[in-house]
Amino acid sequence: MTTNPMRTITTNPTLWSAYRHELFKGRKQLFYRAVLALPLIITLLLVILQLVLRVFDPPPPGIPSFQAGNGGLNLGSEGSFAIANNVILAGFASLFGILVAIAAALSVANEYRWGTLKMLVIRQPSRVKVVLAKCLFTLNLVGGVFLASRIKFTIVSRLKSVVLILKRWDKESIILRSQVYRL
Amino acid sequence: MQVLDHTRKSPSEISSQPAIQTIGLTKQFKRVTAVKQVELVVQPGDIFGLLGPNGAGKTTIIRILLGLVKPTSGKAEIFGFDVTSQRKEVLQRLSAMVESPALYPGLTGRDNLRALALYSGIANPNWKIEEVLNRVGLATRAKDRFETYSLGMKQRLYLAAALLNEPQLIILDEPTNGLDPAGMAEFRQLIKELAQEGHTIFLSSHLLFEVQQICNRVAIIQRGEIIVQGVVKELLTAQASVYVKVTPTELPTAWRILESNGLAGRLKMEGDYLSVDLPTAETGTITRLLATHNIFLAELTPHQQSLEEFYLKLTEGQVAKSGGNHDN
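If you read the protein sequences in the order shown, they are chains P and V.
My numbering numbers the first residue of the first sequence as 1 and each following residue consecutively.
My numbering numbers the first residue of the second sequence as 1 and each following residue consecutively.
Any given hint could be a false lead.
[Stated by the list, open to error] Using 27 Å as the maximum straight-line C-alpha spacing, the simulated DSS-like pairs for lysine-lysine come out as follows: (1) V:K245 x V:K313; (2) P:K129 x V:K313; (3) V:K313 x P:K118; (4) V:K88 x V:K70; (5) V:K88 x V:K75; (6) V:K36 x P:K118; (7) V:K88 x P:K118; (8) V:K70 x P:K134; (9) P:K28 x V:K233; (10) V:K233 x V:K313; (11) P:K129 x P:K118; (12) P:K28 x P:K134.
Since the hints were derived computationally from the structure, they do not count as laboratory data.
Okay, chain P solo, but in the shape it has when bound:
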């Protein structure tokens, strides 16, 4: 053998090792990283867009100034922009669920497509553990997306102070600009 005689390979093929294998693959593949990052990225982009609109286009009377809504700012329910905003938010909420379902299906389908499933079943651990590891990985994704949505909610709920700063900055800049014009 070419192996180092001083070293011996020890193996412990268990459900835990199959699960670590799934996690490692997930971490290394762009799609799974995207599934976890998308809720954050999309929400942040959306909120930035909303902030810009809110600062330069004040809300109609009766609508709370800056309130965190489902996945973004609550812009009320009147007006075309507000309705579009709500539709988009509702759409994104279900999109993440669909993404997790697709990711779970792909974790099995890709093994078939690449022919790697056969390679796994002719190794230890057993087939049952392979399936269980994939279930655990899916639960992991669900947990990850849930965590991402909690982070997103926290960010949105802290937006009020950010918006006020932006608004004050905007007012000051308008005053400054008007003084410049007067001069």
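Using the hints provided, position chain V relative to the given structure of chain P.
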């Protein structure tokens, strides 16, 4: 935690067992019998070639050995462990390359090996990963993604993956399929080296030249049945023939003499030559017989058959006809 090579059977017990033994192995798929009463014996340290045309049952045998398919009757053992009821013990001792090299395309070569090491629960796998990468000559390309590899490189990485858990037996199903001549030669060399290091190799192929180059023992399978099995050299030597050349006028007399001295069924005319199917060691018989009748040879050429000639002779052209292995 399992330490490989440490098993319920003692090492001496394991080494005394055949690496592979099948007893009356049969696999029936509805009306089709893919494998019929197959009796195979592969000894530890062998490079064993399973030869046969497409659809002869080679892959079915390999799938049974790997526990992917259950035999209809008979049994298969690997180092004395039954492949059906003692799958765990069997899988500890073997690795396989089945069909085309299949690994994760988006991962690098090194990450693919790491993923498999994690799967097998190999503790501290880094040194082993580097070792097998060096072994197959892929250390410099280990950072590249699997999908960017050539077929030859994919095959070598697949072999590296098979070597990760230090198997005693490596099963290779058509390992050089699709490789260019240089890739084939490289792969053959790698297999020879692995055998020298103590691995038992079982490979299936329909490339006879390749098998003759690397295997010490072969079995030929046709329509699901083993038609011959043995040491390559012995099989070919037993089938050797001798080309005899005498003057054309003496040719009928020479034929008659040899025919009347027990070589009747072994004679054949091949152009100007008289071909006699006789082991090379027994060529003295021909010279002695002809010389006693004052016929002196102009030429005597021993002809060692190639495995391909042997195979075609054995199957008598049925290979071309056999599109599968149907019972009816």
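Outcome of the hint check:
For the suggested pair V:K245 and V:K313, the alpha carbons sit about 23 Å apart, so the restraint of at most 27 Å is met. As the CA atoms of P:K129 and V:K313 are separated by approximately 49 Å, the hinted pair breaks the 27 Å bound. A hinted pair counts as satisfied when its Cα atoms are at most 27 Å apart, and V:K313 with P:K118 does not qualify at roughly 36 Å. The straight-line distance between the Cα atoms of V:K88 and V:K70 is roughly 15 Å, inside the 27 Å bound, and the hint therefore holds.
Straight-line distance between C-alpha atoms of V:K88 and V:K75 comes to about 16 Å, which keeps the hinted pair within the 27 Å bound. Between V:K36 and P:K118, the direct Cα distance comes to roughly 25 Å. Compliance with the 27 Å bound is thereby established for this hinted pair. For the suggested pair V:K88 and P:K118, the alpha carbons sit about 16 Å apart, so the restraint of at most 27 Å is met. As the CA atoms of V:K70 and P:K134 are separated by approximately 25 Å, the hinted pair is consistent with the 27 Å bound.
Between the alpha carbons of P:K28 and V:K233 the distance comes to roughly 50 Å, so the proposed pair goes past 27 Å and is violated. A hinted pair counts as satisfied when its Cα atoms are at most 27 Å apart, and V:K233 with V:K313 qualifies at roughly 16 Å. Simply put, P:K129 and P:K118 have alpha-carbon atoms about 14 Å apart, close enough for the 27 Å limit, and the pair holds. Proximity of P:K28 to P:K134 is assessed by CA-CA distance (about 16 Å); at most 27 Å being required, the pair is judged to hold.
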